[in-house]
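Number of protein chains: 4
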Amino acid sequence: MAIDQLAVARLSEQFSAIRSLSEKLASKLQHEDTIIQAMPDVSPPKWHLAHTTWFFERFILKEKNPSYVPFNPNFDYLFNSYYETIGSYHPRHSRGVLSRPSMEEVYAYRNYVNEGIVSLLKDYGDQLPEGVEDLIEIGLQHEQQHQELLLTDVKYNFSCNPMLPSYTEPSTTSNHTTTDHQSQVNEIKFEGGLVEIGFEGAGFSFDNERPRHKVWLNAYQISSHPVTNGEYLSFIEAGGYEQPEHWLSDGWATVKKENWKHPLYWRKAEDGWYTFTLTGEKKLNLDEPVCHVSFYEADAYARWSGKRLPTEAEWEHAMSSIPIEGNFVEEESYHPIAGESYTKSPIKKAFGDVWEWTSSPYTSYPESKPLEGALGEYNAKFMCNQMVLRGGSCVTSKLHIRPTYRNFFQADKRWQFSGIRLAGDLT
Amino acid sequence: MAIDQLAVARLSEQFSAIRSLSEKLASKLQHEDTIIQAMPDVSPPKWHLAHTTWFFERFILKEKNPSYVPFNPNFDYLFNSYYETIGSYHPRHSRGVLSRPSMEEVYAYRNYVNEGIVSLLKDYGDQLPEGVEDLIEIGLQHEQQHQELLLTDVKYNFSCNPMLPSYTEPSTTSNHTTTDHQSQVNEIKFEGGLVEIGFEGAGFSFDNERPRHKVWLNAYQISSHPVTNGEYLSFIEAGGYEQPEHWLSDGWATVKKENWKHPLYWRKAEDGWYTFTLTGEKKLNLDEPVCHVSFYEADAYARWSGKRLPTEAEWEHAMSSIPIEGNFVEEESYHPIAGESYTKSPIKKAFGDVWEWTSSPYTSYPESKPLEGALGEYNAKFMCNQMVLRGGSCVTSKLHIRPTYRNFFQADKRWQFSGIRLAGDLT
Amino acid sequence: MAIDQLAVARLSEQFSAIRSLSEKLASKLQHEDTIIQAMPDVSPPKWHLAHTTWFFERFILKEKNPSYVPFNPNFDYLFNSYYETIGSYHPRHSRGVLSRPSMEEVYAYRNYVNEGIVSLLKDYGDQLPEGVEDLIEIGLQHEQQHQELLLTDVKYNFSCNPMLPSYTEPSTTSNHTTTDHQSQVNEIKFEGGLVEIGFEGAGFSFDNERPRHKVWLNAYQISSHPVTNGEYLSFIEAGGYEQPEHWLSDGWATVKKENWKHPLYWRKAEDGWYTFTLTGEKKLNLDEPVCHVSFYEADAYARWSGKRLPTEAEWEHAMSSIPIEGNFVEEESYHPIAGESYTKSPIKKAFGDVWEWTSSPYTSYPESKPLEGALGEYNAKFMCNQMVLRGGSCVTSKLHIRPTYRNFFQADKRWQFSGIRLAGDLT
Amino acid sequence: MAIDQLAVARLSEQFSAIRSLSEKLASKLQHEDTIIQAMPDVSPPKWHLAHTTWFFERFILKEKNPSYVPFNPNFDYLFNSYYETIGSYHPRHSRGVLSRPSMEEVYAYRNYVNEGIVSLLKDYGDQLPEGVEDLIEIGLQHEQQHQELLLTDVKYNFSCNPMLPSYTEPSTTSNHTTTDHQSQVNEIKFEGGLVEIGFEGAGFSFDNERPRHKVWLNAYQISSHPVTNGEYLSFIEAGGYEQPEHWLSDGWATVKKENWKHPLYWRKAEDGWYTFTLTGEKKLNLDEPVCHVSFYEADAYARWSGKRLPTEAEWEHAMSSIPIEGNFVEEESYHPIAGESYTKSPIKKAFGDVWEWTSSPYTSYPESKPLEGALGEYNAKFMCNQMVLRGGSCVTSKLHIRPTYRNFFQADKRWQFSGIRLAGDLT
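Just so you know, the protein sequences line up as chains A, B, C and D, in that order.
Using UniProt numbering, you'd call the opening residue of the first sequence number 1 and step up by one each time.
Using UniProt numbering, you'd call the opening residue of the second sequence number 1 and step up by one each time.
Using UniProt numbering, you'd call the opening residue of the third sequence number 1 and step up by one each time.
Using UniProt numbering, you'd call the opening residue of the fourth sequence number 1 and step up by one each time.
This is chain A alone, in the form it adopts within the complex (with noise of 0.2 Å):
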């Protein structure tokens, strides 16, 4: 397939821009931060860092150069994720034993993998084979989303060392203080009707984002601004832990299980309120978006205050044409903001900042089609006992996200800088 060679161009500089960010981010860590895994859901850094450049090695590599020669044969088993269908893998919950490589051979590694691809488009230039292009789009996207996982992994084990290491200094050059008092919250309403969503058009998007297609939806309403800290507080004082009443039968479950008494990080001190972030244990402020609450809290929170989360659908319908602008990973606050001078949509903060639980579980469009292939394992057979989250975090790349683009999580999973907008009826 003939591509013109400016779009070569092009893609070969985003895949150097691209790469080179998680080099930047695992910068910051000493080597033996790089091999930990403090529970089975997080990944060791170094292991992000591999599997990223296994996934360009395996499906572009190894399928579309017949010279290329693999760097280590064994990385097939150790960095392969999930893919089934492409052959067995190491244990998930068993990457933090991985000490070799090393740092120093992982490097090794990206650098060969980025020399075979750049090759690669150098070689065939504007008769790039068909289906390349497309495929080290989706490793870039694929390595977008390791990058966010890489800073919300360290950010966990860093919470379970009892001296709270700090990933970085707090940066300076936000154009966003993080005292910025939020305005009024207002609800936002919508007349509903049969609405279309899911992505259609140019540009990249996941399978699990197509087709585009119809729903219904009822007239509702959708709050201006994430629920703060402050406004979670007050459930937390209300009793909201303590009172089954606002739970769901899994989520109550869990809370006396695990002995919930607030969102993940946060600790009370004798004055007051802390939170453990990525540039170290801080005073908790009261009016940035609350975050790292499960579905199970979101849910409750909501049920409490008397509204409900939006569905995905309502959730898309209403943010559809907000521009793409917020606090995100190009800012390194690597923490939700207060501030909210980004966008002049009556919506605030729909981008960035904190992912939105949503009510909606998480499966297939209508008439979808997974990708051929192994990749077809990338998104489609995680649909069940997830729920969806929209809208991208404070460690999310800009260029990642969009108002199609679904994340999703199990109901009980706090680790991800999750928060909530909530919604209503209009009836």
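These are calculated hints, taken from the structure and not from any lab test.
Among these hints, one or two may not hold up.
The list treats identical chains as one, so a pair stands whether inside a single copy or across any two.
What the hints assert, rightly or not - With a straight-line Cα cutoff of 30 Å, these simulated DSS-like cross-link-like pairs (lysine-lysine) come out:
no.	residue 1	residue 2
1	369	257
2	62	344
3	307	369
4	62	257
We have chain A already, so just place chains B, C and D on it with the hints.
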């Protein structure tokens, strides 16, 4: 609220009929059978008999009859199933340790409460207090659900005994011989469009079936018959349980962890397949609907066969005008049958035989309102991590099922009489 | 082997007496009580009744009577407890799912096997085949062990029912009122030296009590009485359960994991301490021997009190000439008592009331020979990770205990009638 | 207490020598290797380096030097292993999450504390405060134990990496080639009688080796050599792992649960057996002592071979006058060897190569007195549910072992360098 005398008499009669069916079902058990709980999901038969009685006592007699004297104050703790808002309760997984109250006492309890309800109806006559009629109605629907569970649980309990006891003798009076061969499977086509689902109108429905609401459906097809044992056996023989590509990720993990190789209760002997039933173990009849499969298996079978499961909206739309006829508990076959003479509809066995897994997670309908008070816990708090099943089974009462009826279980559960009907896209 | 007619008659009589005691003990239960297994360590009463019967069937009737027709061939699988060398068996933790065979069938089984044994004795007369007398003897000792376990297990099962049922009414015929105060505790001194322990001579003993062998003992002292509830309460009130310094490492881990704060079956109410017994819950009698403590608690109590537990050699040496008198199952108190009028020995309550934990791990005696064949599994294969207890309890038969008798349980077990007697060094 | 100057100089020199060996052992690891903990029983190498340092800081510098400034106050929590009486500590199973302090900081910590100890010795000279000499001695013995654990744990950690990294290159300087065949196995006979075991006299010993005390031994024999891989292979090939009759009940349960079929680190390939070592995977040498077997396997092997394990008293009595020579960590083979040229005693390999399981549970000696204060927790609180091993291994320091030395582990542990020597009765 005044209701006419005839309605009261009818309610009283219905009350006696449904309540005594429970005792009839239990009468085939020995006392020792009534106390076992072979896994946390099942309850001892005695517990079902007592819990349904407690339901009438707690929600009607205690609430509506100021002079009511409870049979035994401990029973509020022992026989509350999961109503958090009315007090603590005996842990579900420990119901099997409750040898006391004995069956004799439980029957005395049933009589005591039955007399209480019948007196209430007689005393008030057509001046029944607000809500009593609805509460009796829900109590009877609840009793019917537990009649089905009692049989389902006895089957599981007995299957764990190496001697494989029979609950009862095979029925000889059934109109439908189990050797009938089924007619040709057809795919029935529907145009879809903006349709309505959910309950509306007269008669009983649960809060989770309401309100009736609009849903957009793309054109679709649905199979004329549920999948048979013979069809499912082809999936097994083709290696379905060894090939991860057919399975959801959670499903594949379950297959490996539980070492699943076939539906629950199947056993491969030298002379072929057997299945355990409430009338003992018998040769697998290839023409019967496959039963005791999990959602994971239903979904994997559908993907393997190039089709998919229907959504619950598709299912309800397709079945909405089919008469409620079929192989129900009243037939006393206690097993799905091969025969299909019930209905002239092109869609066969829509009701009875096996519950049919849909692809729809169990969530609330738009603008739905759970019941107020503790009974709001009846359905709504389970709307997470469960999948919807439709149509009733051979152990469901014919009087209990509706096209809009929503049953729900976790995706890995197999001890229910659950089967598969396929659907597909038309584009 | 010829044995005299009188001996055969005596054996037959003894057989009937011991076998019918099991049924007498079970007769106080309702059928529903006979099937429950509230934790893996306990067995349902019905299982005890069947297993002891199977022991006679399997090891005597099947082996020694060529024309014997088994009652039910499934019972070899169902009622083998742990004899690996004679075949597979139903998993121990699942005995509670066996509602069938019913109690009625189990009684028929008992009668059938009883008749088999009695006929065997009658038919052979004084020409009993080699080993039969010994096998009947061991079968009766085994039956007595399960009589004790039946009572011990019923107590545990009933304690898990919030209604706290009673096994029987408090005995009114006991010679020993439970209000007797005990006499002054003394420390009885022994010189030690090169002594002998272990069984030798006429009468029954288990293989684990043999051979009699030399042991060196330093001079030591042993307490005249077991530790009382009152003494143990001082340990609790002094913070014993909160202070790691008294505890073995595994013990302290268990205290924290299980949240132990007092012996099993104790409950602190507003008006003081209560304890659950086979005759219902009653006020804690401070003068009774403390019961239902684990080895960990016995050991921690001893360390806290500045003493230690005796070794099993010290215990046996001290008790070797004390008559077998005391509070046994024949007294029908089913609970340790405060009174102590049984013996003139300066050491009180050496036998009966409570099993006494020793500091000795359960290991084989020098040059010991386990029984040949499957019965070699009876005792020897448990000689790891268990501690020795001595002296019998209030639910042991007086006819079953000896100074050389070795009971054994894991260090964390508390459901046995286990207590504490202290010892100390003399240097 | 005055000690002579020479003794202080010798202590100081010994301190430096032993402390620097730890660093030499760790120097062969990459930073990423120092933080992994592949199972709860092992500790990360970095943790060993820090914990042994903390031992000197906490028990000597903080106690004996009033002006001592702790290196980092958090380290009391992070690097306390299990001393309950001096404060809470980081959970053992989570040591692998402590990426910080980094190796660099840990080395700084070691230097800081080393200087503190050396200064203390210099400053006080021959006026060392009471107990300091003993505390330094115990600290050094403790360091040596952790040197062995570091190597043992690295082996386990590396074995979990599918790439099977080597800790070091095979030694080429060893005096003892691994191809030496062993001489004929003999059974060495001992008369027994009233003997004494336990430590007495000059030099260091742990509290658990004291006091020396009398024990009666029947006449016995003990094998001249530990069991070899070849001998153990016969047990495997004879079906040892499939036959319950050889095994203790807990052992058989472990075999089935863990699916054991051979010692830890063995692997059967098409061309024969391999074993993983600290110098990589290599062909199994049939003449080497079998290693990495549990007590259960040692005991089952002994029973299968018609012999038994020695008691610890028999072992000590037999080995008491054999010189401490053999294959120790100083040889840098890091693996048991086939050669046996060390000693002229008829008993070979009594010390070094492999720890030898005894049949003795780990309990306290008569009239033993644990150390006072927190160090009383060092050994005594583990005297339950563990078995004694004797003789040291190829990763033990030659300077660390004694005939009276008691090592101890749970019966199912296999990651230690543990082997088998047989014994038997003579009657």
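Query - Non-conforming hints, listed in increasing numerical order - result: 2, 4
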